[in-house]
Amino acid sequence: MLIVQLACPKCGFVIEQYRADQLETDAQKQKRYQYLRKKQTLCPSCLTQTSKLEERRVEVEAAPEAELLAEGPSEAAPVGEGPTATPLCDELERGPWPSHVTELKQTRYHLQMYEEGLRQKKTQWGFGGYTSIPGVASGILMRASARPDIAKGANLVRAFCPSGTFYSTKTLRALSDVADRHGYGILHLHATTCDIEVLGVPKEELRATVDELVAAGLDVGSTGDAYRNCQECIGPLRCEMVLVDSVAMRQAYFTRFLDDVQYPRFPHKIKFKLSGCPNDCTRSQQKGDLAIVGVFRDPPTINEARLDGWVRNGGDMAHIARMCPTRAMEWDGRRLTIDAEACVRCMYCINKCPAIRPGGDRGVAVLAGGKMRGKYGPLQPVVIAPFVPAIPPDFKEVFDLCAKITDVYDEHARRKERLGDFIYRTGIDEFCRLAGVPATPQQMTAPRVNPFYHWTPEELQASRKEGE
Amino acid sequence: MPGIGVPPVEANLPPIVRRNYGKWVSHAVPRPGVLKHVSESGEACFTVRVGMPSNARVSTALARRICDLATRFSEGYLRMTRRHSLELVGVDPARIEELIEELRALGLPVGGADRSFHNVVCCTGWIHCQFAATDAPAIAKAISDALWEEFKAEGYPAKLKVSVAACVNQCGEGSTADIGVIGIHRDLPRVNDEEVAKCEIPLILSICPTGAIKPKPPKSVQVDPKRCIHCVACVGQCVGMPIGSPETDGVAIYVGGKAGNQGGGPAFGKLVIPYLPNRPPRWPEVVQAVRRIVDLWVREARRDERIGDWISRIGWERFFQKTGLPVSEKHLDGYVLWPMSARTGVRFHW
Amino acid sequence: MPGVGLPPLEQNVPPVALRNYGKWVDHEEMRPGVLKHVAESGEACYTVRAGMPTNARVSTALARRIAGLADEFAEGHLRLTRRHSLELVGVDPARIDELTERLRKLGLPVGGTGRTFRNTVSCTGWIHCQFAATDAPAVAKAISDELYEDFLRERYPAKLKISISGCVNQCGEGSTADIGIIGVHRDLPRVIDEEVARCEIPLIVSVCPTGAIKPKPPKSVQVDPERCIHCVACAAPCQGMQIGDPETDGLAVVVGGKAGNSGSGPAFAKFVIPYLPNTPPRWPEVTRAVRQIVEAWVQGARRDERVGDWIARIGWDKFFQKAGLPVSDKLLDGYVLWPMSARTGVRFHW
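Line order of the protein sequences matches chains D, X and F.
Per the numbering used here, the very first residue in the first sequence carries number -13; after that it's consecutive.
Per the numbering used here, the very first residue in the second sequence carries number 276; after that it's consecutive.
Per the numbering used here, the very first residue in the third sequence carries number 424; after that it's consecutive.
Simulated from the structure, these hints should not be mistaken for lab results.
Heads up, some of the hints might be wrong.
[Unchecked claim] Chain X is nowhere near these chain D residues, computed Cβ spacing over 12 Å in every case:
| hint | residue |
| --- | --- |
| 1 | LEU(-12) |
| 2 | PHE(-1) |
| 3 | GLN14 |
| 4 | GLU191 |
| 5 | VAL200 |
| 6 | ALA201 |
| 7 | ALA277 |
| 8 | ASN299 |
| 9 | GLY300 |
| 10 | ALA304 |
| 11 | ARG320 |
| 12 | ALA351 |
| 13 | LYS402 |
| 14 | ARG434 |
| 15 | HIS440 |
[Claimed, not checked] Below, a list of computed lysine-lysine pairs in the DSS-like style, where the Cα atoms sit at most 27 Å apart:
| hint | chain 1 | residue 1 | chain 2 | residue 2 |
| --- | --- | --- | --- | --- |
| 16 | D | LYS338 | F | LYS639 |
| 17 | D | LYS17 | D | LYS255 |
| 18 | D | LYS25 | F | LYS637 |
| 19 | D | LYS156 | D | LYS138 |
| 20 | D | LYS(-4) | D | LYS25 |
| 21 | D | LYS(-4) | F | LYS637 |
| 22 | F | LYS639 | D | LYS24 |
| 23 | F | LYS693 | D | LYS24 |
| 24 | F | LYS642 | D | LYS24 |
| 25 | F | LYS639 | D | LYS402 |
| 26 | F | LYS459 | F | LYS639 |
| 27 | F | LYS459 | F | LYS446 |
| 28 | F | LYS639 | D | LYS25 |
None of these values were measured; they are calculated from a predicted model.
Even glycine gets a Cβ: it sits at the ideal position worked out from N, Cα and C.
Using the sequences and the accompanying hints, generate a full structural model.
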């Protein structure tokens, strides 16, 4: 069987490999392969950054075993010698709030790394980044130590949280076992994108850690230039505000896009966040490269009898009406009216008064381009489509649109350019044209002020013909 | 010789203004086109405001007749407003009717104050300008004819200012108005090599805001059709870069501009109709579009809502729906400052 | 092997949530940290929420103890919120007090729902990150200790979310919060020629958003101090680009972010304090500044006004006054999208 290998040019470690026949027929693998050929990779063995992976073609009898990772320079020194006092860390154990230092102390994490960081006011960790090993294209972060006298480099494995971030104790114990067996014994519940992280896994145990997490029902990924973990809100699992089935939608996301999550190949990371209503508990409208927000179109409904009871029980409708951001509510002491035209379905009155409920005409809005870092600083995602049907189990219309957006991004964006920076640079009008998304007023706070819009040769030709 | 500066303040002020300089305490609009200002002393000053020919074009013949009226009705003084209306200030209230009649005989309407259609501001257009993509004075005339009665009455929710600019240089300040008409070129500048050879090529290159112009050896330039935004900047630098074609030039319509700080605050007009063809002498499609927008605003806006305020309240979604005007990607800003126009959040009007 | 995707719902979701999937009709905030959700069937589901160690750092020892409580009080299930609080869902209401006591013994406070200080979100900081300009977990701990009582009791006009990022990469999402802390580097990256020689120089040059990095022959780079914006991007591809300087690193404070569509809508927080020095382990200047801002908001805001909503109503002009913070030119945006932040018009609050 002919195998195509991509290896580190410095130490020869095989980063990824494919069957040659698969590479010819599988479009996903081709994209991933092109990505690795052209873009930068961090070698997990010697921590070199390179854009020039070596390609080898070898004949093998059976599926090759993963090679043992070579020892790198940052792992030379033994650990544990040196000062053991940690006065700054100790101070952080005081005070009423549960202390992260208390947690770190109960594990095999080298607390001196943190103490020195606090003492020197500078991180003691060295170079690192996302990397992959054969069979595990995403889900691993490696970081060297800048203080080999204190600690070796520390790697982590990242896994997807279960739906609604619910855990059976069985799962949580299994996760704890993995962390105890292979890592420091410290969990990250969770990283800000709601990924699970197991920290302190030595290179040679990465593969075993991954296998054991998967066996516990926690698949790995969400690192690198890939679709990341889709963070959803609790939705139908406990919330009466939810307008669409956010939990089922996240599951459908993973069913459809698992390869895009686990095999990085895009210009840069793509974070999906999914909130079931405009309250946006996942902060998708701040952080999502793709933000999916449940919305409703028809006006909120008022249950008169319930409203009556609520007011008699002390509910302050005058205050709520006054706080409506678009002044759509009128309350005369007995009767509440909501001006359906002025109402922007912001959820405020619905949150505050149980007699007011969302309308029934429900779908999702899709926004794109949110991010916190990058060339232009924090950018909020902008509206691409204000209303898309959200139909289980596949949510096809929603995800077709998302796929179109990321296809355009994949094809046109520069290396390490976030979707938001790409849209910024391209102009949203051109972006919508490329993605085949029609213009709607909901995409605009207002139509343009400047007169610099484009005309196609066909449009001009039509005018010329008319003039004849 | 130049160098004397502006005349002393009093040199052109009517006595009533000199008498009450800085001492005005209130004003009202007792009837269309008539203002009554009251000073501390109790003295009332009546102003009659008058619509004028578009582009503020006044023959000396008309000017002299206006002088006669000023002599007879306002102690020999007159003024022009910031929208180029005529004002006779300090008119005896008992003679206002008579004055209005005399003005009518001159073909000049009294009105344009407060909740009415105001005098149109427009640029020179084809009367005398090399850049004009349309004729602003004619369009201003056509619109003013259509809204004639509304200049002379007070029936609007708030004032209505319409301005017409013949090209995107906007000497006619279309973007500042409740409704703005702006002439646009849609083709590329044509490059005349022999003429360009006589110009300063580095200047032509550098003046282009999008870097669309590149040298074309030996001594000319070329324009990148993907980058050109038809902004007319290069045309101003070199006679070898003419722009404009009767078949592709036309006008765009913008809505919602205003200067005052009430309501939604100062803002520019926003694009609502990307293109209408030039159809001299009356531009019927332009007039129709203005009529449609004004009628809807009159029907739906609250008292004191300028057009921009009204649209802020109902939302652009509703505006396009109610006017029936189509929305295209040309409305969606993609140029440099586009994030200012892109919607974030999901606070939609449905 | 990877590739299994998500586990089926039943593996981790408690029976009470599965029974009533998509059929919730109401909820009540019983008291800080205790929620009651009611389903169509009439079944009531009680949730107890508890604060967790900052940076969501949980030893397996604590995880196992929590699992023990989950077995005892919540049918063997638990969850984490989107701000990494612990929640036990489906608790017998008669046992809530007992559970609260047991959590307290574990050092975990019950609270953080309703108009309270919420569990902070913070990144890894100096625990394990190479980019961190400050230690987010310790800053979070210091702030959480300072506002501890407000986690347990409802004293605020609305919820208060505080997030801490160790650097401008913002894995700790400071800009999303009512009050955010963002670690900043202020000095240029130091270029270590021997290390840079081993890296890919074209990549280092291209990753810089402002073009501040140029090649320095024979095999290194140089950084233009006029263009560098200390964004940390060059530190990622090459360990020869060293950021991190104890003397000039520190943190900034931002205010007014929120995700929800009510009030003034989704927005990022804005810079109000450009720099405070790192003073581990407790960062007293930071906690003081946070306290000042919180108290001004508590005093000045209406019920339901998030910090950003309150500022939108009173104006930034008044905010700096009421919070007792100086205004510096560093707060005036001049970067690429600065027109979005520049004031037009004269609608000032005095």
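- prompt: Does the structure break any of the earlier hints, and which numbers would those be?
  reply: 7, 12, 14, 15, 16, 19, 23 and 26
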